[in-house]
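Q: Let chain A serve as the given structure and place chains B and C on it in line with the hints.
Residue numbers (the numbering used here), protein chains in the order written: chain A, 1 to 647; chain B, 1 to 647; chain C, 1 to 647.
Don't read these hints as lab results, they were simulated from the structure. You can take every hint at face value.
With a cut-off of at most 25 angstroms between alpha-carbon atoms, the simulated DSS-like pairs for lysine-lysine come out as follows:
hint, chain 1, residue 1, chain 2, residue 2
1, B, 94, B, 195
2, B, 554, A, 374
3, A, 94, B, 195
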Amino acid sequence: MIHIGVDYYPEHWPRELWPDDIAKMKAAGVTTVRIAEFTWGLLEPREGEFDFEWLDDIVKQLGDAGLEIILGTPTNCAPLWMYRDYPDTLQCEKDGNPTFTGIRGHRCYESPRFRKYAARIIGEMTKRYAHDPHVIAWQIDNEPDANHCNCPECTAKFRSFLQAKYKSLDAMNKAWGTDVWSGEITRWQDITTPKGPLYSPNWLNPGYLLDYERFAAQSTADYVRWQYTLLRQAVPETVPITTNACFCGHTIDFHQTFAPLDIVSYDNYPEVRIPEDEEAVYSTAPELDLMRGVKQKNFWIVEQLSGPKGCWGPMSETTRPGMIEGYGLQDIAHGADMVLQFRWRSAARGAEMYWHGLIDQSNVPGRRFAEFEKLCARVKELDWLEGTAPRAEVAVLYGPEQLEAFGIQTQSPGLDYRPQLRAWHEAFASYGVNVDVIAEDAPLDRYRVVVVPCHFITNAKTVANINAFVKAGGTAIITNRSGVKDAANGCVMQALPGAFSEVCGVTVSEYDPIGERTVKVRMGECELAGSLWADLLTPTTAETVAVYDSEFYKDTPAVTRNAYGSGHAYYVGVCGKRALRRAVAKAALETADVPHTELPRGVQLTTRESDTVKARFLFNENETAQTFTVGGERITLQPFEMRIDRI
Amino acid sequence: MIHIGVDYYPEHWPRELWPDDIAKMKAAGVTTVRIAEFTWGLLEPREGEFDFEWLDDIVKQLGDAGLEIILGTPTNCAPLWMYRDYPDTLQCEKDGNPTFTGIRGHRCYESPRFRKYAARIIGEMTKRYAHDPHVIAWQIDNEPDANHCNCPECTAKFRSFLQAKYKSLDAMNKAWGTDVWSGEITRWQDITTPKGPLYSPNWLNPGYLLDYERFAAQSTADYVRWQYTLLRQAVPETVPITTNACFCGHTIDFHQTFAPLDIVSYDNYPEVRIPEDEEAVYSTAPELDLMRGVKQKNFWIVEQLSGPKGCWGPMSETTRPGMIEGYGLQDIAHGADMVLQFRWRSAARGAEMYWHGLIDQSNVPGRRFAEFEKLCARVKELDWLEGTAPRAEVAVLYGPEQLEAFGIQTQSPGLDYRPQLRAWHEAFASYGVNVDVIAEDAPLDRYRVVVVPCHFITNAKTVANINAFVKAGGTAIITNRSGVKDAANGCVMQALPGAFSEVCGVTVSEYDPIGERTVKVRMGECELAGSLWADLLTPTTAETVAVYDSEFYKDTPAVTRNAYGSGHAYYVGVCGKRALRRAVAKAALETADVPHTELPRGVQLTTRESDTVKARFLFNENETAQTFTVGGERITLQPFEMRIDRI
Amino acid sequence: MIHIGVDYYPEHWPRELWPDDIAKMKAAGVTTVRIAEFTWGLLEPREGEFDFEWLDDIVKQLGDAGLEIILGTPTNCAPLWMYRDYPDTLQCEKDGNPTFTGIRGHRCYESPRFRKYAARIIGEMTKRYAHDPHVIAWQIDNEPDANHCNCPECTAKFRSFLQAKYKSLDAMNKAWGTDVWSGEITRWQDITTPKGPLYSPNWLNPGYLLDYERFAAQSTADYVRWQYTLLRQAVPETVPITTNACFCGHTIDFHQTFAPLDIVSYDNYPEVRIPEDEEAVYSTAPELDLMRGVKQKNFWIVEQLSGPKGCWGPMSETTRPGMIEGYGLQDIAHGADMVLQFRWRSAARGAEMYWHGLIDQSNVPGRRFAEFEKLCARVKELDWLEGTAPRAEVAVLYGPEQLEAFGIQTQSPGLDYRPQLRAWHEAFASYGVNVDVIAEDAPLDRYRVVVVPCHFITNAKTVANINAFVKAGGTAIITNRSGVKDAANGCVMQALPGAFSEVCGVTVSEYDPIGERTVKVRMGECELAGSLWADLLTPTTAETVAVYDSEFYKDTPAVTRNAYGSGHAYYVGVCGKRALRRAVAKAALETADVPHTELPRGVQLTTRESDTVKARFLFNENETAQTFTVGGERITLQPFEMRIDRI
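Pulled out of the complex, with its shape left as it was, chain A reads as follows (with noise of 0.2 angstroms):
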């Protein structure tokens, strides 16, 4: 069953409307609800005085309904009685002071107080609901994001962190290189998370920045890990237990987040208007593979754009029409088993009013809420996905430390490793074949193309897998800004791509960090282009697939191809443009000789199957119609469309 609803904020309304709101989403064909995730101000208005009487009533409306529910624990926000009795519980900023009140996300996760706290009002919440067989899952509190807090708790703690892993400060020295500058520490409590709101991190060491980042997504991971083992001992087995994903600026570890959880979830906010730059790359479909690729299982959205997005700046514009349906049908097609739409209506108070739900504050369903119910309509038959999930033969390497790295140090203007993962990602989904993104340590041998894109961060684990993956016949490509540090973030002392030349039979003998500048390059007939970086090439044993048309190293290798094994890797030294990345991409396609199809710019081809049925999804995200033809047969599909068909 694909499970389809909303989240619901019954706090912020009159109780009146809570049965007219049920009823709504029970004709509309919702499934399921997630609520409470910010509600511990309501449930404990005074420390140690719990309210939970309207929780109960809302909880029983909703199961009375048939509506399944998800609780989120309220632990995101906590009362404000609490941040301002005890400051130990609020998280410090850059200048070493507590953060100051009044949004959201406050708390410092490495609080014993906090904990304390927050344990108690979990512990009420499952005392209640445990075992409300309505309640078929619980959140853990809202988007947690790497830990930055810089209290004398969070200090301490990373303090520890880094004796646990390096043990001697002789190590830790000898790891980030602190002779640079006379910046050897002699004393473990010379250390402090990174302060100091007039420098930029490009100031810091790098090794220690990056080791930082560790601490800070460990530190996440383990209060995540803490709620989860509270919930377990009170919470049915049979009753999933997950929280809800995003980017943004301090991004958590997706991997050790969700390890001990049951289920990834995600929250997906697509652009509302697709971008006229023809290089633009805007689809979703990247993050939505990677959440399948976390657990290499099907996931659930918990949050879906249903309007306007605004507050935290200026509104955007409308969702146009089809999208609504069109991108929850999206997550589907990606191995999404729960689509809920953010949110049922929008606030009417609050900070968050601009971010739209489905209904406007004035409770008047329109165009978007017509949208929904075609989606939940939709849904409603595909009950024959049960089991089915997207199966991949190209997978995409994703890694954590390698998001972290590129944030500590920007290489070249405009060049970043998510937009990367992202372009290589469109480049082999735009010829219709699934992809998955997939952890640097996953096993590879189910693929027939790894994409490994600015593999920067290297180990010895990865680069052997690779060329494992390789030798046994394997297709891989591995681009510019790949093998360079070591897991300490300092730069290898062997030529570039480092541990990958071997595999690549190419070595970098410089390079030109480019930035905005467009370089020609010349791929067979093809003139096509690339900017950003380029790396100047010596092949070894590999072949020239590509040579630079310009610059003062025009004619040189641009693009290589190397035998290993029984296989092929691919060096790209040229962050290319959308024309260069596919035209790499079908040449990988064909040399590890995986079917492909031509579609239009935007059009989206992908398949769920299990072992008894297969579905493939044909999704136009374009704001025009598009025609084409997919075997032999002749398509249209509007702007948004999704056509699903049974094979």
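A: Just chains B and C, lined up with the frame of chain A:
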């Protein structure tokens, strides 16, 4: 009598210059001089030690020369010794710490100690000059802004303000909707002013923020009223007391602040170069009409542009030939009975030396001074304007809460309240009709057209006023983002334009916050355009005046007109470009049967009248000469030329 | 002998690499190596514990290889234990709090405790190496900047500086004009350094700010002199002591700082890509000529661009082919007798790893190193330059107070002192003449043309010097914004160019700060253009050289020339575009009868000479080859090619 003169800072210059300065003023035709508003440090060099000798001297010299004096209370800048010895007299910043000194305006309006010292220096001044026959008016402080101090005193005052307003925490929590994100406030002492340098206001509760802005406005108004009371006790009834208003980062509530004062004063700094963008709305005429509207009577300009602007950024270009004369007369055309140029001579020292006066530091009178002499001569001929004032049939509503609420939550990139108000003012002014800019609760019965731009925060009284106005035969124009919010800055739970739906005969089914994107609009045969915002409209009783001609809502209404009682209400769902605004304005003028004139862009036709005399002002606010026909007469105006006819 | 070499950081690398590095250096032709300037943490890992073993070793290895050593005092970076145990050794930020550690340059120059520890480590170094025959020079600290620390010690020193300068508060208040905005200072203790992160300097008193910059410059000069004295006592007279200067956020006063030192050193980082904008002035030749001008003798380059720049932002593009050789020789052409490339090998760890050296972290010498080898070979052939230096007939005046004063008050958007100085330098250099950039109080009698760009802060001595120079037959060019200010950064009370009016025979009746707007200028038959600033001129005795050809001052003088004594003074009222600047420069060269040459843009012709030998340098600072005729010879230079002829 129209007063003409200068702001003069004798304390900045060697005393030897004073007689020559005064002689030059007299020769030029100056009638009035403002002095002393920043001189506390000189008047009280050490605590309790007063030195008025120099001020006695200049007051005497000016008086002896027959010049009128406006005396400023010097409270904008307390002496440095006060800030050093009594830090509680300093404003506190967003981080809670006292502001760093060194510039101006540091005083905390609410500090009891500051008020004690301020009362004493004001007392010393009134003791000496209250009955000086040459002192024709007093100015309170300088350019007061809304109180954004974060000191303990102001924090306590803010709490008291909320307690007085809401009585109970429950009522306040409900108004603000603090159940969003567990923001419930359960103890008055937990409330602070909005702090935190790291967060934008977009993150904070909008109800809380709007109440804070109300407090900030009231606090400043209280401060001004407090000084007024002190002055009024000492100064004869016949001597008016004012303060000088301006738009700034934290703009005061003009109506509230000026309520107790005798006359409105304004600091007018128009552009020095006319923008080349045809869409630019550049005249300060809307502000002049607003200042007249504050008390619905004539007002004073106590600071007027005299040369290049500078100091808080690089210098601007210099004033074009004709500007000083033309802009001064434009003030008068809009109801100013006094024009003081800022300043007599550019400062030779201090941070403001590049905010240029009429004469440069060289003390060699040049082109700008010669223009001022012409202005004086023109003004001298305008005695017959005595008792005249502009009378308008068109009014635009202005509300300080709209200004603040748009500042708290940007609606769409580029959409803001004051620009929209200015744009609608210009649309009507471009037809040569007088326009009043009036308070939202002002009586409307004297008008035939009332424009209600972006009336965001809505109250029943204003709605009733407007409904009654239309019912009685008036023509109203109500624009998008009207009727959106209740008094607590929460969204109303009804279809927009909410309380205006009845008079407009239309509802908004949804909206598209289009930002800088242009949307086509068709009005009759005309191809027009809008941007920033697009309401999708469902007329109930209204007729369609214009439709969208692009986007997914092509051919649906963009502008409607509703017959209501004996009058009509236009609803304008889109932020029109200039041509669209003017088309709607023209339609409204025709609906309301208001005579109007076609004029070149930038040419302004306004009138002043009494029961016995009427003056017509024709002003060319362009850098090029303009030729046009008015009343059958072919007229050419040179750049910035003002023609004044007694008709 | 011209020294050629590298900056080397043996402490960053395994000791096993040292012998190979040294062998490579020798093979390449390196003569000189700078080491040790950031190694305090290694040398004194714990308070009072010293470890010089490693430094002894590398000094010995380098010496044994016959390489010259420059030793840096390691005081830029104190060890972390010092900052942690003694926070009074840390600089304080604009908010008064100690700076956060983690990077470099944190030490407070004025901290007595810091000086105590610094003296000790310097003593330990000199004890060991003062008499090492291979140590040919010492470098003090690293890139010292003007002291902007806000700690109590520096605040007290700033007060003392003011007390010493003004003696009385009255004199200081008068100089600064504190009567503006009640800024009177009545007690010395009320003075602080300029603080407050929320305010731009534009808000603060310009007299106060300029004195603060003077203090900041003097404080750093004192610190450098203090180290010089320590070193001089220990180091033989024959061993020169220097420091490495650069332009930065708080640039030192080069003349004052280098006064006690034996030689000037500079860190030279030219552009890696020649800007495409034809108006761009991109060469660092003006800075080279300035460094030579500081002592009016040859100088050293101790850091020279070797590859992509990075770390404090994204990486730049890489150096184009020819740049490393060409730029190194350009240093020599302008009077450098040493060129050290920064750095031998890019760091593998630490925040500076992307500021690239000659060899990448791979330690595989590539294209850039090969270029360096060519440079070494070229330099080796230049022994005959011994004793030669550039001799110039054209000088440009440089004043650190102008730099600071323009930083304190931006005059017009885009108008700044250093760019104007650079632009005038380029105008003359483009005619193949040597140009000196000299102190404002330097003797002028050796020159035939003296350019005085934006001589804002004026003093009688300089004016007298210039007047005497012109009177004696010299040709001066004085530009807009000259003669504006007195020594207290207040505006002079006379018609501009103030004290220069006499020699220029012209006064400024008013000015138009036109920013980026372009104004047309007509000079003879030539249609030229300017921007940024336009003075409206009234010649008294001058003749008109060029007139404005647009704006309301069309046909009035823009450039004038005045016969004064036996010489001539040009006044340039507008900031000319390149063609206009060159037209004026050519006119001046002709007036002064200085031989000159037409060269393509970017081609530079300079000379070094002694009484016995003369070298001609022809450098093509372009990315394209250039062909031109010099002295009847047809010459083609490849991109960045330097041709050196003995003539």
